[in-house]
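K.L.:
Please model the complete structure; the sequences and the hints are all you need to start from.
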Amino acid sequence: MHFRYKKITVKIGSNVLAKSDGTLNVSRIAHLVDQVAFLRKNGVEVVVVSSGAVASGRAVLEPLK
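Numbering of the sequence shown is given in the numbering used here, commencing with residue 41 and proceeding in unit increments.
Simulated from the structure, these hints should not be mistaken for laboratory data. Even glycine gets a Cβ: it sits at the ideal position worked out from N, Cα and C. Misleading hints may appear alongside valid ones.
[Unchecked claim] Think about it this way: if two alpha-carbon atoms lie no more than 30 Å apart in a straight line, the pair counts; the simulated DSSO-like pairs of lysine-lysine are:
no. : residue 1 : residue 2
1   : K59       : K81
2   : K81       : K47
3   : K81       : K46
4   : K51       : K81
[As the list claims (entries may be wrong)] Distance ranges between label pairs, derived from CB positions:
no. : residue 1 : residue 2 : range
5   : Y45       : L101      : 37 to 45 Å
6   : K46       : V66       : 28 to 36 Å
7   : K81       : D61       : 31 to 39 Å
8   : V73       : Y45       : 17 to 25 Å
9   : V73       : V100      : 15 to 23 Å
10  : V100      : R68       : 34 to 42 Å
P.N.:
What follows is the structure, encoded as structure tokens:
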């Protein structure tokens with residue numbers, strides 16, 4: 041498969057990585073990993089930028105309130 045670009049940057053926000061209850065959406069993350077792996081396998085360099093750390097930390101800290 042041939043792609044137009046050799047390098048792409050993907051920005052993934054917390055709302056994509058987290059469920060409505062604030063926990064991480066592991067199945068969605070796995071799907072994103074599969075997509076990035078497919079691109080890498082086909083010669084595309086992928087830079088992933090994520091703000092998911094905020095959602096992950098929120099899920100851990102919420103029980104402390």
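K.L.:
Taking 37 to 45 Å as the hint, is the beta-carbon distance of Y45 and L101 inside that range?
P.N.:
holds, 38 Å
K.L.:
Starting from the range 34 to 42 Å, see whether the pair V100 and R68 falls in it by beta-carbon distance.
P.N.:
Given about 19 Å between the Cβ atoms, the range is violated.
K.L.:
Is it true that K81 and D61 lie within 31 to 39 Å of each other by Cβ?
P.N.:
Once the Cβ atoms are compared, 34 Å apart, the range 31 to 39 Å for D61 and K81 holds.
K.L.:
Verify the proposed pairing of K81 with K47, using a straight-line Cα cut of 30 Å.
P.N.:
holds, 13 Å
K.L.:
Is the hinted pair K81 and K46 satisfied, with a Cα-Cα distance of at most 30 Å?
P.N.:
holds, 12 Å
K.L.:
So if I understand the rule, the pair passes when the alpha-carbon distance is 30 Å or less; does K51 with K81 pass?
P.N.:
holds, 20 Å
K.L.:
Could one say that the CB atoms of V73 and Y45 fall in the range 17 to 25 Å?
P.N.:
About 20 Å separates the Cβ atoms of V73 and Y45, which means 17 to 25 Å holds.
K.L.:
Within 28 to 36 Å or not, the Cβ separation of K46 and V66?
P.N.:
Taking Cβ atoms as reference, K46 and V66 lie about 30 Å apart, which means the hint holds.
K.L.:
Holds or violated: 15 to 23 Å for the Cβ distance of V73 and V100?
P.N.:
holds, 22 Å
K.L.:
Measure nothing beyond the straight line between the CA atoms of K59 and K81; if it is 30 Å or shorter, mark the hint as holding.
P.N.:
Satisfied, since the Cα-Cα distance of roughly 29 Å is no more than 30 Å.
Hint 10 alone, counting from the list given before, is not met by this structure.
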